[in-house]
Amino acid sequence: MTDHSNAYDGLLEHHDVAGDSSQWAFGTDFEDPLAGVDTTVPDDVDPAALATYCLMLGDDALVMSHRLGEWCSRAPDLEEDIALANTALDLLGQARLLLARAAAADPSVVPVLPEGSPVPAEDALAFFRGPGDFRNVRLVEVPNGDFAHTVARLLLFATVRLALLTRLAGSRDPVLSAIAVKGVKELTYHRDYAGRWFLTLAKGTEESRRRLLAALEDVWPLHPEMLATHPVEAAVAALGVGVDPAEVRDEVDAVLEQVLTASDVERPERGALAGVRGRTGRHGLHTEALSRLLAEMQVVAREHPLGQW
Amino acid sequence: MVRAAAIAAEVRDPEMPMLTLADLGVLRDVRQRGRTVVVTITPTYSGCPAMATMRDDLVHRLADAGYDARVEVALTPAWSSDWITERGRQALRDHGLSAPGPAPSRTGPIPLSLLPTARAVTCPRCGSVRTDLTSEYGATACKALYRCADCLEPFEHVKEI
Numbered sequence: 249m250t251d252h253s254n255a256y257d258g259l260l261e262h263h264d265v266a267g268d269s270s271q272w273a274f275g276t277d278f279e280d281p282l283a284g285v286d287t288t289v290p291d292d293v294d295p296a297a298l299a300t301y302c303l304m305l306g307d308d309a310l311v312m313s314h315r316l317g318e319w320c321s322r323a324p325d326l327e328e329d330i331a332l333a334n335t336a337l338d339l340l341g342q343a344r345l346l347l348a349r350a351a352a353a354d355p356s357v358v359p360v361l362p363e364g365s366p367v368p369a370e371d372a373l374a375f376f377r378g379p380g381d382f383r384n385v386r387l388v389e390v391p392n393g394d395f396a397h398t399v400a401r402l403l404l405f406a407t408v409r410l411a412l413l414t415r416l417a418g419s420r421d422p423v424l425s426a427i428a429v430k431g432v433k434e435l436t437y438h439r440d441y442a443g444r445w446f447l448t449l450a451k452g453t454e455e456s457r458r459r460l461l462a463a464l465e466d467v468w469p470l471h472p473e474m475l476a477t478h479p480v481e482a483a484v485a486a487l488g489v490g491v492d493p494a495e496v497r498d499e500v501d502a503v504l505e506q507v508l509t510a511s512d513v514e515r516p517e518r519g520a521l522a523g524v525r526g527r528t529g530r531h532g533l534h535t536e537a538l539s540r541l542l543a544e545m546q547v548v549a550r551e552h553p554l555g556q557w
Numbered sequence: 014m015v016r017a018a019a020i021a022a023e024v025r026d027p028e029m030p031m032l033t034l035a036d037l038g039v040l041r042d043v044r045q046r047g048r049t050v051v052v053t054i055t056p057t058y059s060g061c062p063a064m065a066t067m068r069d070d071l072v073h074r075l076a077d078a079g080y081d082a083r084v085e086v087a088l089t090p091a092w093s094s095d096w097i098t099e100r101g102r103q104a105l106r107d108h109g110l111s112a113p114g115p116a117p118s119r120t121g122p123i124p125l126s127l128l129p130t131a132r133a134v135t136c137p138r139c140g141s142v143r144t145d146l147t148s149e150y151g152a153t154a155c156k157a158l159y160r161c162a163d164c165l166e167p168f169e170h171v172k173e174i
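Protein chains in written order, with the numbering used here: chain A, 249 to 557; chain E, 14 to 174.
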């Protein structure tokens with residue numbers, strides 16, 4: 249009888265692994281999502297500004313993805329569970345590419361990990377930065393609330409992001425342009441999904457309408473931050489590399505008006521949520537909700553910076 | 014090299030294994046660079062979780078044939094469901110999936126659509142055109158769920174993108 253110290257030895261004994269390695273699952277190691285992509289920063293562009301801009305767009309997608317992912321197994325029905333998880337996955341993919349682009353543009357933004365850590369740059373950015381280093385708008389970090397809250401927030405988020413990425417498709421940075429072109433296809437159906445549910449809830453029952461109106465009142469003051477221009481956005485926009493969010497205000501307004509009119513919902517009158525001494529999410533100033541979100545999202549990675557998965 | 018390209022072209026998509034990577038349209042290039050075969054693939058969706066598996070399958074299939082292979086990513090041009098080959102579309106139908114229609118082509122601001130996506134979808138089992146959308150989202154990012162009103166079977170439709 250053969251004695252094996254673990255089950256794999258027994259398997260290896262009977263199969264010539266080298267002969268047919270494809271029977272094994274190898275899909276769990278890390279790989280650069282920009283492998284082979286030319287990430288040279290255009291000559292006249294400040295790499296640090298480009299990296300910060302990528303973090304802004306990437307962190308929006310990452311944090312929104314995490315919030316949508318929290319619905320997994322908790323959505324009102326299976327179809328919505330799958331829809332929200334699909335949307336979260338698209339945004340996670342956008343985040344991964346954008347954080348990788350940030351790291352390639354300016355490696356100094358990537359947190360330093362212990363010698364021998366296998367964590368790739370985009371994961372180091374996602375899991376080893378504190379809340380003060382995140383550049384996402386506060387809209388994406390507040391808790392999910394009920395389904396109506398999630399629909400109202402996703403409508404505002406996807407409407408602004410689709411308008412931004414549509415213009416970013418013309419970026420002089422070919423990497424950002426490529427990420428944007430792909431993202432536009434995805435955000436088109438994210439926005440349609442949120443718009444359709446907004447209309448359904450508004451025109452549904454008294455209870456669904458009541459919840460939707462309350463949700464809109466809550467999230468409305470958070471969306472102007474996505475349309476405000478941070479100096480870094482102004483700088484990259486001036487070079488034709490990024491987009492100044494102020495440019496898409498009219499377009500965003502028209503789309504939201506279309507949804508509000510179809511839904512017979514008044515535009516909320518509440519103004520933008522104030523920052524603190526002019527600082528908002530884009531500057532790294534967040535609500536405490538982000539700290540809690542990150543604590544959960546990052547805990548495993550931070551416990552095992554040398555971990556192989 | 015011709016042989017390496019042929020091997021790469023026959024590697025299958027891990028989520029829709031009736032399709033080869035070539036039929037799915039994600040295999041963009043196979044070329045020799047020094048002693049290495051460089052295979053270029055493109056993701057279907059930004060968050061496509063099958064990319065790592067595709068890469069590993071390519072590397073290992075080519076290694077089995079004696080090639081030292083490396084896989085690179087091309088982000089542009091962005092993948093479109095129009096790139097699924099005719100052979101791929103037939104393979105989808107043969108396996109009970111509905112193949113995508115023409116992808117939308119747009120310029121300028123994208124209009125909001127508050128009504129369910131309208132598609133002329135034919136049931137891949139009985140050929141009926143009386144089909145109903147049950148969910149715009151399915152088990153993978155690229156599929157929607159339909160039901161045939163005649164044979165009553167549910168089936169998946171690969172979305173136009």
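Hints were generated in silico from the structure; no laboratory data involved.
We put the CB at the ideal spot given by N, CA and C, even for glycine.
A hint or two may mislead.
With beta-carbon atoms standing in for the labels, derived distance ranges [said to hold, decoys possible]:
no.: 1; chain 1: A; residue 1: VAL360; chain 2: E; residue 2: ARG160; range: 50 to 58 Å
no.: 2; chain 1: A; residue 1: ALA486; chain 2: E; residue 2: ALA116; range: 31 to 39 Å
no.: 3; chain 1: E; residue 1: PRO30; chain 2: A; residue 2: PRO469; range: 29 to 37 Å
no.: 4; chain 1: E; residue 1: THR98; chain 2: A; residue 2: GLU505; range: 38 to 46 Å
no.: 5; chain 1: E; residue 1: ASP163; chain 2: A; residue 2: ALA482; range: 35 to 43 Å
no.: 6; chain 1: E; residue 1: PRO115; chain 2: A; residue 2: CYS320; range: 48 to 56 Å
no.: 7; chain 1: E; residue 1: LEU165; chain 2: A; residue 2: PRO469; range: 29 to 37 Å
no.: 8; chain 1: E; residue 1: THR120; chain 2: A; residue 2: VAL524; range: 49 to 57 Å
no.: 9; chain 1: A; residue 1: GLU318; chain 2: E; residue 2: ASP163; range: 50 to 58 Å
no.: 10; chain 1: E; residue 1: GLY114; chain 2: A; residue 2: GLN506; range: 20 to 28 Å
Quick look at which bits of chain E chain A covers, simulated, 3 or more residues with Cβ under 8 Å [claimed, not checked]:
no.: 11; segment: 28–40
no.: 12; segment: 60–69
no.: 13; segment: 159–170
SDA-like cross-link-like pairs, simulated, lysine to any residue; straight-line CA separation at most 25 Å [what the hints assert, rightly or not]:
no.: 14; chain 1: A; residue 1: LYS451; chain 2: A; residue 2: VAL500
no.: 15; chain 1: A; residue 1: LYS451; chain 2: A; residue 2: ALA510
no.: 16; chain 1: A; residue 1: LYS451; chain 2: A; residue 2: LEU554
no.: 17; chain 1: A; residue 1: LYS451; chain 2: E; residue 2: THR120
no.: 18; chain 1: A; residue 1: LYS451; chain 2: A; residue 2: ARG377
no.: 19; chain 1: A; residue 1: LYS451; chain 2: A; residue 2: GLU465
no.: 20; chain 1: A; residue 1: LYS451; chain 2: E; residue 2: ALA82
no.: 21; chain 1: A; residue 1: LYS451; chain 2: A; residue 2: HIS314
no.: 22; chain 1: A; residue 1: LYS451; chain 2: A; residue 2: VAL513
no.: 23; chain 1: A; residue 1: LYS451; chain 2: E; residue 2: THR147
no.: 24; chain 1: A; residue 1: LYS451; chain 2: E; residue 2: CYS164
no.: 25; chain 1: A; residue 1: LYS451; chain 2: E; residue 2: THR98
no.: 26; chain 1: A; residue 1: LYS451; chain 2: E; residue 2: LEU146
no.: 27; chain 1: A; residue 1: LYS451; chain 2: E; residue 2: LEU125
no.: 28; chain 1: A; residue 1: LYS451; chain 2: E; residue 2: HIS108
no.: 29; chain 1: A; residue 1: LYS451; chain 2: E; residue 2: GLU166
no.: 30; chain 1: A; residue 1: LYS451; chain 2: A; residue 2: VAL360
no.: 31; chain 1: A; residue 1: LYS451; chain 2: E; residue 2: SER94
no.: 32; chain 1: A; residue 1: LYS451; chain 2: A; residue 2: GLY284
no.: 33; chain 1: A; residue 1: LYS451; chain 2: E; residue 2: GLY121
no.: 34; chain 1: A; residue 1: LYS451; chain 2: E; residue 2: LEU128
no.: 35; chain 1: A; residue 1: LYS451; chain 2: E; residue 2: THR130
Given the proposed pairing of A:LYS451 with E:LEU146, does the C-alpha separation stay at or below 25 Å? holds, 21 Å
Hint check: A:LYS451 vs A:LEU554, CA-CA at most 25 Å. Holds or violated? Cα-Cα ~52 Å, so violated.
Is the hinted pair A:LYS451 and E:SER94 satisfied, with a Cα-Cα distance of at most 25 Å? violated, 34 Å
Assess, step by step, whether the Cα of A:LYS451 is no farther than 25 Å from the Cα of E:GLY121, and give holds or violated. With a Cα-Cα distance of about 30 Å, the restraint between A:LYS451 and E:GLY121 is violated, given a limit of 25 Å.
For the pair supplied as a hint, A:LYS451 and E:THR130, is the alpha-carbon distance within the 25 Å limit? The given pair, whose Cα atoms are some 19 Å apart, holds under the 25 Å limit.
Is the Cα-Cα distance between A:LYS451 and E:HIS108 25 Å or less? Violated - the C-alpha atoms of E:HIS108 and A:LYS451 are around 40 Å apart, more than 25 Å.
Taking 50 to 58 Å as the stated bounds, is the beta-carbon spacing between A:VAL360 and E:ARG160 within them? Because 54 Å falls inside the window, the suggested range holds.
Agreement of A:LYS451 and A:ALA510 with the hint, judged by alpha carbon distance not exceeding 25 Å: This hinted pair holds, its Cα atoms lying about 9 Å apart.
Would you mind confirming whether the straight-line C-alpha gap from A:LYS451 to A:ARG377 stays at or under 25 Å? Roughly 42 Å separates the two Cα atoms, so the pair is violated.
Pair hint A:LYS451 and E:ALA82, alpha-carbon separation not exceeding 25 Å: With Cα atoms ~56 Å apart, A:LYS451 and E:ALA82 exceed 25 Å; violated.
Can you take a look at whether the segment 28–40 of chain E is actually covered by chain A? Rule is 3+ residues, C-beta closer than 8 Å. violated (count 0)
For a C-alpha distance cap of 25 Å, please report whether A:LYS451 and A:VAL513 respect it. holds, 10 Å
In the structure shown, a violation is registered for the earlier hints numbered 3, 5, 6, 7, 8, 9, 11, 13, 16, 17, 18, 20, 21, 24, 25, 28, 29, 30, 31, 32 and 33, in ascending order.
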